[in-house]
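Since the structure of chain V is provided, determine the placement of chain X on it from the hints.
There are 2 protein chains.
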Amino acid sequence: MSTIFFKQKPRIVGWYSVAGKKESEGPLGQTFSRVVRDEYFGEKTHEGAERKFFVTAIQGAIQSAEIQPDIVFAGDLLNQIVSSSFAMREIGLPYVGVYGACSTMALSLLVAATFVDSGAVHHAVAAAGSHFATAERQYRTPLEFGNQRPPSSQWTVTGAGATFLSDDKQKSHIAVTCGTIGRVVDFGVKDVNNMGAAMAPAAADTLARHFENTKTKPSDYDAIFSGDLGRIGEEALRDLLKDKGYDLGENYYDCGKLIYSAKQKVDMGGSGCGCSAVTLNGFILDKFKKGEYHKILFMATGALLSPTTTFQGESTPGIANAVVIEEVEA
Amino acid sequence: MSTIFFKQKPRIVGWYSVAGKKESEGPLGQTFSRVVRDEYFGEKTHEGAERKFFVTAIQGAIQSAEIQPDIVFAGDLLNQIVSSSFAMREIGLPYVGVYGACSTMALSLLVAATFVDSGAVHHAVAAAGSHFATAERQYRTPLEFGNQRPPSSQWTVTGAGATFLSDDKQKSHIAVTCGTIGRVVDFGVKDVNNMGAAMAPAAADTLARHFENTKTKPSDYDAIFSGDLGRIGEEALRDLLKDKGYDLGENYYDCGKLIYSAKQKVDMGGSGCGCSAVTLNGFILDKFKKGEYHKILFMATGALLSPTTTFQGESTPGIANAVVIEEVEA
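From first to last, the protein sequence lines stand for chains V and X.
Residue 1 is where the first sequence starts when you use the working numbering, and the numbers rise one by one after that.
Residue 1 is where the second sequence starts when you use the working numbering, and the numbers rise one by one after that.
Next up, chain V with everything else stripped away, as it sits in the complex:
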């Protein structure tokens, strides 16, 4: 049993997303709390910029909640998750670094919810983010190299998102009620430009366990989101779940497909920790505020590779973490 049911139903009392120029030009452009058009965000390096996106998102979520948090849970795609750690140098609060690759937004939310639910802390921030230029250098080749992108590639989202969770039941009717922790699943995909195929089996594993443990089916949710499976991964997930007896139907969306338009030349769609982080902490949570969503399943997937494992001929294991967000009584 790897589904956690939160007895206290930690409330989402604030959220914030900050995204880059390309993201602002996509279909979700109007849903971000803030847009930063300068890819350097006034810093000397792209890594410095990524860090500043984190600081901005975490501080934004804190201001949105109007509460001082006890702790921050965060992670990112860079070596030794330095964007999160260096951001926390400025924030100055107790900090737990988590890593689930592109599943980090769902993972940090699950861990934060467990801490709030247990009474260990009252108020917690969960955050994740990424930057196109740092991810290209980290996982593939530096931008200066000018490599050609194969059609199966995805475009790493520049942006960060943060969600504020609290045990104060009066502050919000939006709650994290349960979630399913991922297992590492590896179907032997070795193409680092086809992350969707590497992550879809993990997504299917987590979703099937989630539906079984919670005794729910896809149509019980107003919407089901995956983080960044992209077009190939999304189709693979639908097929794999059909084999397990679940039809994702019409209310399943991939944040990687939502965030850019077809005109933006992003191949299979958006990716990176930031993709699901800015979609959750903008588009999705805004829909709850407007009363358009009452219960959703937010699942983010991650590809657990490093450049070293790829050079050494290893395949890419995937993981997926899923969280249920729903309206509850006060």
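Derived from the structure by calculation, the hints contain no laboratory data.
You can trust all of the hints, since none of them are fake.
Given that identical chains are not distinguished, each listed pair holds provided it fits within a single copy or across any two copies.
DSSO-like mimics (lysine-lysine), calculated; alpha carbons at most 27 Å apart, straight line:
no., residue 1, residue 2
1, Lys169, Lys7
2, Lys190, Lys44
3, Lys263, Lys287
4, Lys171, Lys7
5, Lys289, Lys217
6, Lys171, Lys295
7, Lys290, Lys7
8, Lys215, Lys7
9, Lys289, Lys171
These numbers come from a predicted model, not from an experiment.
Just chain X now, kept in the frame of chain V:
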């Protein structure tokens, strides 16, 4: 308030450590559950070996507890914590990746204890590990480069340790009762060969908050352990804590100093996630079994750098996480 008090007092019901040849020749040589003399552990790469150390430690802890865990919390020093993630591909259980650099053993224990305490899971494994050869390549230069080691360097421990936590109060009288989560502290140290100096301020910050929040003093513990401050860091910590009004006294030990003898040419002592992980899951927990320890404070420190941040001229932020392990009634 960043000290968490565990109401259910999760029990430590099993543990396991596996260490390398050099570690087996040090003063703690007899305390490891298993020694592997081959630095490749039968694998083709040092990275493959590190992964196998993880699998061995996690499986060992599970066998020692004689219970099937619900979840594993683990992290390591490599890019994208691939040793943990790839190990979990073989273990097949739900997995939360955590990253606190060399503080990861204390961090994974704190997060696992919170999950067990909250009732989210019944049984959890917390693990951490490192490998001398992979860490040198990752953070400094590959071994083939043959660089000279400055006298302030530390020697990364080859090994992994895992602790099994359970809500079954009948299985053990050794419990995790509280812990203090670290904040990121940066005193501006830029020398990547002097991690002790970079981590000591974070250690002092965590310990002072811990003593204050728990209303305890150093002499209330049978022993206080730091993870891998080494000789320079240990002295800096004693001085910094004196300024805050706390005298660490005679019962403070650094795992980095305990693990190797002066004859082993390791400069300031041992380091790496594995250093505190194998010391905890051998020497320290064995002392509880023998009745020699009744209450200890286990604090591990981490240097939150990456090669990229160092190349970009950044200083090294530190973090420290502390956990109280003590005998409790059944």
